[in-house]
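For chain A, the structure is supplied; the task is to place chains B, C and D on it using the hints.
Okay, here's what each chain looks like letter by letter:
Number of protein chains: 4
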Amino acid sequence: MARNLQDSGQFSRLSVWNRSASKCDELAKGGAVVAASPAEVVRQSDITFGMLADPQAASDVVFREGGVLDGLSGKKGYIDMSTVDEATSKKISEAVVSRGGRFLEAPVAGSKKPAIDGTLVILAAGDKSLYEEALPAFEIMGKKSFLLGDVGTGANMKLVINMIMGSMLGALCEGCALAEAGGLSQEDLLEILNISAMASPLVKVAGASILAREYPPAFPLKHAQKDMRLAIATGDRLNQPLPIAAAANEKFKEAKAMNHADDNFTAIYEATTVNHRNK
Amino acid sequence: MARNLQDSGQFSRLSVWNRSASKCDELAKGGAVVAASPAEVVRQSDITFGMLADPQAASDVVFREGGVLDGLSGKKGYIDMSTVDEATSKKISEAVVSRGGRFLEAPVAGSKKPAIDGTLVILAAGDKSLYEEALPAFEIMGKKSFLLGDVGTGANMKLVINMIMGSMLGALCEGCALAEAGGLSQEDLLEILNISAMASPLVKVAGASILAREYPPAFPLKHAQKDMRLAIATGDRLNQPLPIAAAANEKFKEAKAMNHADDNFTAIYEATTVNHRNK
Amino acid sequence: MARNLQDSGQFSRLSVWNRSASKCDELAKGGAVVAASPAEVVRQSDITFGMLADPQAASDVVFREGGVLDGLSGKKGYIDMSTVDEATSKKISEAVVSRGGRFLEAPVAGSKKPAIDGTLVILAAGDKSLYEEALPAFEIMGKKSFLLGDVGTGANMKLVINMIMGSMLGALCEGCALAEAGGLSQEDLLEILNISAMASPLVKVAGASILAREYPPAFPLKHAQKDMRLAIATGDRLNQPLPIAAAANEKFKEAKAMNHADDNFTAIYEATTVNHRNK
Amino acid sequence: MARNLQDSGQFSRLSVWNRSASKCDELAKGGAVVAASPAEVVRQSDITFGMLADPQAASDVVFREGGVLDGLSGKKGYIDMSTVDEATSKKISEAVVSRGGRFLEAPVAGSKKPAIDGTLVILAAGDKSLYEEALPAFEIMGKKSFLLGDVGTGANMKLVINMIMGSMLGALCEGCALAEAGGLSQEDLLEILNISAMASPLVKVAGASILAREYPPAFPLKHAQKDMRLAIATGDRLNQPLPIAAAANEKFKEAKAMNHADDNFTAIYEATTVNHRNK
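Protein chains in written order, with the working numbering: chain A, 2 to 280; chain B, 2 to 280; chain C, 2 to 280; chain D, 2 to 280.
Accuracy of the hints is not assured; some may be wrong.
When chains are identical, the list treats them as one kind, so a pair holds in a single copy or across two.
Claimed, not checked - Below are the PhoX-like pairs computed for lysine-lysine, each with C-alpha atoms no more than 25 Å apart in a straight line: (1) K113 x K24; (2) K205 x K114; (3) K129 x K76; (4) K205 x K145; (5) K205 x K144; (6) K227 x K205; (7) K227 x K114.
It is worth saying that the hints were derived from the structure and are not from the lab.
Next comes chain A alone, as it looks inside the complex (with noise of 0.2 Å):
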């Protein structure tokens, strides 16, 4: 993402800052200045950019010593994209805002690939003046943005786009393995759905993963597993039913008791046809 940014030859000068000092080298050949804190980079910069790996993560960075809350001044804003829950987001909208400066939560959908490609769904809520001017960066990292509301709302539409997506990968593995108890061929099956009302990126990518029971990680199960949970729960404080995302995260525990946590998110299929081979 930041070498996108980079590589547009649209901003001035970055200064970047990572946990891992190493992981600036590339953005350091091209120009970046790797700043000593989260700190540093806001002091230099008008827009910050976040990106961790976890709310733990994304809390840290701003409110350590040398952190985000420490650099800010004036109406600097500050744009968090990790991917965190409302609570997390709104603790670190507070802080920042009540030191005078802008914020927004902007999750992304999309996972390594878009990311290279510069083809993210930007899924930003809260702050309008800031999501404008950040809109020119918002263009060369993703492919579309969208300012959803107020801070909290972008956590959890991602969560329900998780959901539907958990859902409909369970859905997909179902009819796998009944093609498969049955003996018709999965090949057919998959070449039918991707040109059928249901042929979408996940069925083509998800398919081939089934039809090769190869899992290598892109979106790791657990945290799909995660998503499915957090939303299910959300449904709870909502009193929403949800018994299809119910069902489906029961067998994305299934796969998760039978180690297949870390692998893709596809190896639910394992969890789907699992007893089935039994026979």
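Chains B, C and D in isolation, oriented as in the chain A frame:
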């Protein structure tokens, strides 16, 4: 489908028959011969295509007085493109073959619009030589055809595909309902989905139907539920658990109980979100 | 059941018949007349009780040459205590009634031990006068009998009861599996349950089976799964969603796939806990 | 519970405290000393029993100024009989033990009536010597007590039991709904169940509630749903799939959405049958 064959100009003369004679008028204007019975169509043709409403009608057109069987001679081919169950298909196949004829089941994926546009997907199974002879006709009626295996394979493949479709639709509906319950914009959700890994014709069309909460029947919900039921029954016979499809099926039943049996199958959304409205 | 009638001394003389003649030996020693055919039993009796293995056998004993119908005259009564589906029961009823006879379906709740002990629960439906005449016999064979309504009501009531039983067993198994996974003592759990609001003969007997992980067949799992399937199909016909029973049914199917079809129905525990063992 | 201890005459003098002082009036008339604070109760007693509404209140009574901790000295025992989560229980345990005291969690199975009747089931876990000293008191308050293991085991055991209860209730409701949909008598069904293998206090009491469609709260539905949710979350942590409980939980959520949160948990029946009434 018949009109597309006629319009192609590739076939010397079509012979047609319909239970409601007036449905042949337009084809007659285009030069088709209107036969007095199914048997007469078969006598005048090397290959006869049947497309009937349900298993009962598909059987009747074959076994009735003046039906398909009465017209068979030599190695004529009969191709049933109706959606029927495996048992009905096998019964027709045996009767045709025992008279010396050749048989192909060829249910299609796609409803009214793909039929008009000649973009159906044809799931053929049965006699290979007949399949090859019929290929020029399949290429006009559909965008792609498959020879899947023995008679019954086409019927079962269609069930698997419709089961996946029903479950995926249910997954989409739960996502839309959760968005609604949580105050997220369904418009935004669907716009994001339509450029995501889950983007598919199904998501696009069903999403629009859910957003408008309008369900003009293209694929009636009661038929979708029947296919779910039959697919799950197949899983039952094969000892293949299908918990996600089973959960979706219960929602389709709930939608039927809410008087949506004759609406489009996207009306399952009403059963997904219904209780939320009671708050 | 016949021996209990005989031992009661209330009935002048029993006339008996069985497909395997030797099964009548003991009753013959006690004074019963062994008839040459079902028809002969009917000719010698005011009321005839049938108890057959399945719908096919229950039909056969009525419609065969020398079957129940052949012996009917006047207003004789025929009571079928087999577990059959509504359609079979109605077909037998119509045949008996059209010959001038009276019919009662009377499936029982309870298996081998209650039959021996005379503690069955009798779910009768059909001819009221016949029910009243048969009551003294029912009171010997069972601890309680019901006249539930028209023919078919008894068959359906039994399905509802077995569906509840299957789902409750599934619920118990999930609790036992969660205890096991969490390092709680299953012995303690079952001891607590047996003095709780959930204390029941089912919990007691199934709990002991789960604890020992031994499943000698009293009620074979494949029969329990068949009853789940038929009950869910009834819900399908009536548009009554049954998501809990559907989830339990999928587990029964999984247990069948794991080769437990002929074990006791409590072997559903193996499908509930199986994946956990893979850790 | 306190009154039963008092009435037993086995304990020299009770010292009592309640957040609402008036609730101690009756015990005071019977000779109990009304203390000014939890700490004072602890100072005056060898063993102190706490019974609070929820985890927050259970923590507060221990950690507040003048709370349990402030009164501890020597090897005094504190027994928390509230229903709290494992984490809260462990936090209290650590605090008590670090002051030199002894701790026991002892949640109970049973609600108001068993408390009055002294027929609770006590699920204790923690300090064994304290358990043995408290046994005479447990024997007065309950009909049976268990020492289950380390602190946390009691909390988890109670979740497992309530999960089984919630699923079994859901199973009963589906049976009652199917009977209703199919025109069977629910009275007959419940009468049969009450003499069947599934006969239990739960079936008896819940059945009567369903039949009357009256749900005066003994165990509020929102609490039952919360326990389902926590049990499923435990399964999540342990990778133990619980599809039946998950399906039941979605029904409890539906019932909450239908405004039954404060009704008795048997009101899940309204969510089970609700759509059927729309026919």
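Results for each hint:
1. K113 x K24: within (16 Å within a copy, 55 Å between copies)
2. K205 x K114: both (15 Å within a copy, 24 Å between copies)
3. K129 x K76: within (13 Å within a copy, 61 Å between copies)
4. K205 x K145: Intra 22 Å, inter 17 Å, cutoff 25 Å: intra and inter.
5. K205 x K144: So K205 and K144 pass the 25 Å test inside a copy (20 Å) and across (19 Å) alike.
6. K227 x K205: within (24 Å within a copy, 27 Å between copies)
7. K227 x K114: within (22 Å within a copy, 40 Å between copies)
When the structure is compared with the earlier hints, no violation turns up for any of them.
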